[in-house]
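Q: Chain by chain, the residues run as shown.
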Amino acid sequence: LNSHDLFRDTVYGPVEWRKHKSWRRHFPEGFVCLQVLAWYWPPVLFVIFVGVLVGLYHTYLQPLGAPDITRDDYTQPFTLTSFALALLLVFRTNSSYDRWWEARRMWGQLLNITRNLVRQTYAWGDPADGPMKERIARWTIAIVYALKMHLRRSKRAPNELLDVLLPHEIEWLEKQQHRPNAATQVLTEAVKALRVSDYQRVMIDSEITNFHLNLAACERLFSQPIPVAYTRHTSRFLLTWTSFLPFALYSRFQWLTPFVSAIITFLLFGVENIGVQIEQPFEVLPLPHFCAAIKKHILDMVACHAEAKALALQS
Amino acid sequence: LNSHDLFRDTVYGPVEWRKHKSWRRHFPEGFVCLQVLAWYWPPVLFVIFVGVLVGLYHTYLQPLGAPDITRDDYTQPFTLTSFALALLLVFRTNSSYDRWWEARRMWGQLLNITRNLVRQTYAWGDPADGPMKERIARWTIAIVYALKMHLRRSKRAPNELLDVLLPHEIEWLEKQQHRPNAATQVLTEAVKALRVSDYQRVMIDSEITNFHLNLAACERLFSQPIPVAYTRHTSRFLLTWTSFLPFALYSRFQWLTPFVSAIITFLLFGVENIGVQIEQPFEVLPLPHFCAAIKKHILDMVACHAEAKALALQS
Amino acid sequence: LNSHDLFRDTVYGPVEWRKHKSWRRHFPEGFVCLQVLAWYWPPVLFVIFVGVLVGLYHTYLQPLGAPDITRDDYTQPFTLTSFALALLLVFRTNSSYDRWWEARRMWGQLLNITRNLVRQTYAWGDPADGPMKERIARWTIAIVYALKMHLRRSKRAPNELLDVLLPHEIEWLEKQQHRPNAATQVLTEAVKALRVSDYQRVMIDSEITNFHLNLAACERLFSQPIPVAYTRHTSRFLLTWTSFLPFALYSRFQWLTPFVSAIITFLLFGVENIGVQIEQPFEVLPLPHFCAAIKKHILDMVACHAEAKALALQS
Amino acid sequence: LNSHDLFRDTVYGPVEWRKHKSWRRHFPEGFVCLQVLAWYWPPVLFVIFVGVLVGLYHTYLQPLGAPDITRDDYTQPFTLTSFALALLLVFRTNSSYDRWWEARRMWGQLLNITRNLVRQTYAWGDPADGPMKERIARWTIAIVYALKMHLRRSKRAPNELLDVLLPHEIEWLEKQQHRPNAATQVLTEAVKALRVSDYQRVMIDSEITNFHLNLAACERLFSQPIPVAYTRHTSRFLLTWTSFLPFALYSRFQWLTPFVSAIITFLLFGVENIGVQIEQPFEVLPLPHFCAAIKKHILDMVACHAEAKALALQS
Amino acid sequence: LNSHDLFRDTVYGPVEWRKHKSWRRHFPEGFVCLQVLAWYWPPVLFVIFVGVLVGLYHTYLQPLGAPDITRDDYTQPFTLTSFALALLLVFRTNSSYDRWWEARRMWGQLLNITRNLVRQTYAWGDPADGPMKERIARWTIAIVYALKMHLRRSKRAPNELLDVLLPHEIEWLEKQQHRPNAATQVLTEAVKALRVSDYQRVMIDSEITNFHLNLAACERLFSQPIPVAYTRHTSRFLLTWTSFLPFALYSRFQWLTPFVSAIITFLLFGVENIGVQIEQPFEVLPLPHFCAAIKKHILDMVACHAEAKALALQS
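Chains as they are written, first to last, in my numbering: chain A, 1 to 315; chain B, 1 to 315; chain C, 1 to 315; chain D, 1 to 315; chain E, 1 to 315.
The following block holds chain A by itself, in its conformation from the complex:
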């Protein structure tokens, strides 16, 4: 039971969308519930514990003359601050969502960057450039896998690269410090060796420039969290608010207090936790799937190029 899987993104197709849009999405799912439980028990248990303590105090100590600590009008401070808390939680989650979405957009753009690079290489390159074109297609796939290795901090090239790069190329790539940088340098030199006009070469190269733009954006999202002071203050606000909640609820809910506090705690911590889990999106997004899709599309394009050309030039 790996509770982190709760936040893994999967790739959607028509079937998933149909399920997603139907009313059945509101049904509780057995396995997911267990994962949720595995995630949220620490704060929930803590608040239940506070609630029980408050109850015990009220039941056993107060009749002995201990000062009253739970009163109906203790709810006022919670009402006054619930807006600020809700706004903080939702805005923070939204900032994380923006980061997650930016990472997803960057990986989505790798699709058009790689496709355009191969499309233009095959259309504009001289027929005599066959092997060089193929090499460009191979290294185009390689820069995407190199980016994945870089973001997941893996040192070994994945198996999917074995039929793309030659053994000595893989070996060289693995021993580089900054693999995406190194791979784009190879690609740049290969594009330079292509027999196309200077202007066309620069256009093809501009997709490598775009790749670097995406690469830098991914590195930024990886190395820079949302200001930790912000994250910590939200956590502090939430923890203070939920810890004191049983004091305000007890006079109304008596021994239901732990239960009610636990539900509120779970709902609010759930919002905060989503924000934290998707803040660094590269563990959450299905990068291997994206890489495989790009590899497949590039190979398809290479395979159908001759037919496409024949179709365009038929007379």
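Copies of the same chain are indistinguishable here, so a pair counts whether it falls within one copy or spans any two.
When the alpha-carbon atoms are kept at most 25 Å apart in a straight line, the in silico SDA-like pairs for lysine to any residue are as follows:
no.	residue 1	residue 2
1	K19	V228
2	K295	P131
3	K133	M203
4	K295	G125
5	K21	P42
6	K309	I170
7	K296	P167
8	K296	D163
9	K295	Q109
10	K133	V196
11	K295	N159
12	K192	G125
13	K295	V11
14	K295	E174
15	K133	Q109
16	K21	W41
17	K133	S197
18	K295	H178
19	K175	A303
20	K19	R8
21	K21	V11
22	K296	E171
23	K295	S154
24	K296	S206
25	K155	A310
For the record, the hints were derived by calculation from the structure and aren't laboratory data. On a predicted model such as this, the values are computed, not experimentally measured, just so you know.
Fit chains B, C, D and E to the given chain A structure using the hints.
A: Same frame as chain A, but now just chains B, C, D and E:
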């Protein structure tokens, strides 16, 4: 009665806008009401059911000494969390709206991409390039239909393509894995064969690059939902909140409770559901209409090109 | 008294801004008040009507034993949903505002598109190209008016075009299906006939490409409203909320209820209505003024070009 | 005591930031308080007046049998609408902030536009082009001042231009209708006369194109306020809300009512007023400072160009 | 104990993310707590002081007949304004966050700007250009350090530049007024001296243009705070609200009032303070780390270029 039609977008013209902006928009529309009913009955019925149970318990079991489960001051937890719930609902709907709007912008940009491609081809191409120009116009229409086929996962070319592509071209397109990719490869080769200066060719080609950008964005919106943990937590929050609502309302509303709870449930689930239904916009947007409009505009431009040229060069 | 004028935008200058920023902006303006009244009477009257009915029921039927329908604690459901309602209203208005602002930006960009087109044509064009330069300036003005005709669905060229285009040009333009498309085709051919280097021609043409980008954006804003399910649900939420309001207010306000409900209804419907009225901005924005400004600036630039050139080349 | 200075922006350096970030920012500043007083007295005084009237009515007329107009439970309508009011105020302020920030970005971009224009002119221009390079540097400074004159509607060239342009150039500029347009035409011709390759000329010219983009954005922000219906409705909402506030507060605060109402009025009107004052940012932003900074940077770049070149080419 | 360190950003790697995403993030950290205390004591102490005064007044003066200043229903004004306050706080924090994020993005983009500049220089430059390529790599590193010096207002070149620039180059750079401007002029001349085609030179130069875009954005963020009227009004609102809070809480919390007020004050001032501390992000972001990373990457790329070229051209 297909309740999904409730979320289908239609194309607006001056008449629709006049109606849209008048006060009559607030009148309930008979048929739409039925569709709404068809959508929202499950959660509404569930909450009514809970409300009736609470009422029965209060009426028959409580006089027999069963513990009190509905009290006036049970509303506090709902007040404390209603901000967070409302914010979650509206932010989620907004994120979906942004996705929907991005998809719409992408399809709107297909208009200028295709127009510029054809405009430049016809203006810059050599007079001797007539057949090639026409072929480019035809394949420009084809890439848009190919995109629609791709997003709707349809395997057969629509009838509207029959008078655009030749039979063997349609056949070839249908048997491709990734139809938009294949179609742009044909288009690229056709542009390459045009007798224009290298620099102009690259400019025309840059619109194909733009098409790929839109294509990748559409694929991203299709394959990537908003993090499901977010969607599920919102659903969980909403369901918990509305399920317990009758307990808090009963002491005030007695047997009106099921009715009042049902209205609140309908209003809040309505917000959430809009967010989910427009999250994947390609079933909701009128893609066939967009394709037909692009086809019509391209054919118009081809038809009036000679006159426009004459007008520009008259002396 | 055309109540729609309430939402017409006017062009601001220093005088208007001074008035806008002074405290006097809070003073009620007599004529505007009438327009407001003309707009908002239907829902306000409806809610007053409900309020009066509730009052009559309470005064005449309840003493006869009719069940109590107005109680002080009926306000709870309104408090619980007022956040969601307020957020919906304001977010919807904001989405409309974003559309309005995009439309305004698009028309603002026509200024730099047309100026750059004419500026580069006159600076780079061969001195022998005089008549062609003038023709480009004329058609640059024409594409803007053609866009206005297209968005306002007017079939006749406005009088302001009479001294810009020649009669047969106007006639040709009027009989086109898609006038902005046709006009840019003429302009493209005219730019093609200019004696400039290939590279410069492509740069001038890129402003026509930018025009098409704006054109497509305007067409998108015109033909695509915010999802109607969203608009309708907001309307439904608001109408339900205000219709039931008198029931909750009566026990506190008695015969002031219709008055208080009417004010709240007016304030909330006012927010919603702004959102709907600026959703399709082309009836609201002063397009004729924008066109006239562009025409004037282009003619000014043509007129002062020779002096500017002399100033730049003086020795 | 010019109360408008309250909203003037100043340029920050390390010293200002240190003060800004310290706790002392919360101390009331004597002079600013006076300015604030000078701004907000009209609505505050009005609400105090209403509060006193309500008090007098309650003290003198109600004991005589006048109907009760202040009751404790009159606060409900204010609670129900306070979210909508707060959202309206803050969203409106945010829209103004976005406009202000866009204007600031536009003026910030003038820095890189002018620097790149001069940098490329000096690096790429032929050594024999000395006087023309200098003329380009001079007119680059002039277009920025022309933009300031245009946005502030001043007819006379500022003194800072006297040592940049020659007297007859200033005279010519002053008599133009649209000064930034005219100045860029001179600059365009000067760039055209530069002995650089066609391609480089077009790159330098593209910075003039960027300047026009900024110019059009500034004109848009100047001539287009946020929809006045929006502004007026916010004002109406706020005024209605605060005017009736004393009726709800009196039963709780008695003769403290005017004081409490005044504070709330001041706080809420303060939010609205910030939004209105920064809505048209060109009176608020320190344009003269921006112009002077650009002038200084351009002159510095011209001065150190020879040294930079020597450093780059040393062997 | 430098309390400002509370807001310093650090660079995250896999280890930090693992810690960041685990539940342990909610545990209070000893040292951070001290820093927090060092920051927030002034307003917290002030509110405690007010709370104690209110308590003393109520305990000693009120029994002597002093007028009652604390009543249960004094909470109404706080409830009515808590939305506006919370929205102001969170929106302001969000505006600051956007500035912080823009600054971070700008520094992230320096990565791709510098990499592309060096990548293209090494790939396209003539083999005979060896020393000039190296000089370009050196000055590419220098412009980044020059930007850091400029934003931190340091007059001395950092030690990290000693092995990048030659002594006389450092000396020259240090005595410039605007160091990034001067450094890019050197770089421009070096790129001009490269033996590449005109078109390629312009592409390389365009990365210097991009650098200027980032530079201007950083200068804007440094010299322009969020409108101070906005900041001051938020501070005023918050201070007024928290100062009067004890009057409303006393009747409920008696001698717990100072404690409860202190917690609320701390939570709300915490939100405001985050917004102010990250408003000018260049003291908060780890600029030295960014510069070192860029230097390392550039040197790596230079080092592995020959191998990458061999790999691309192998046959």
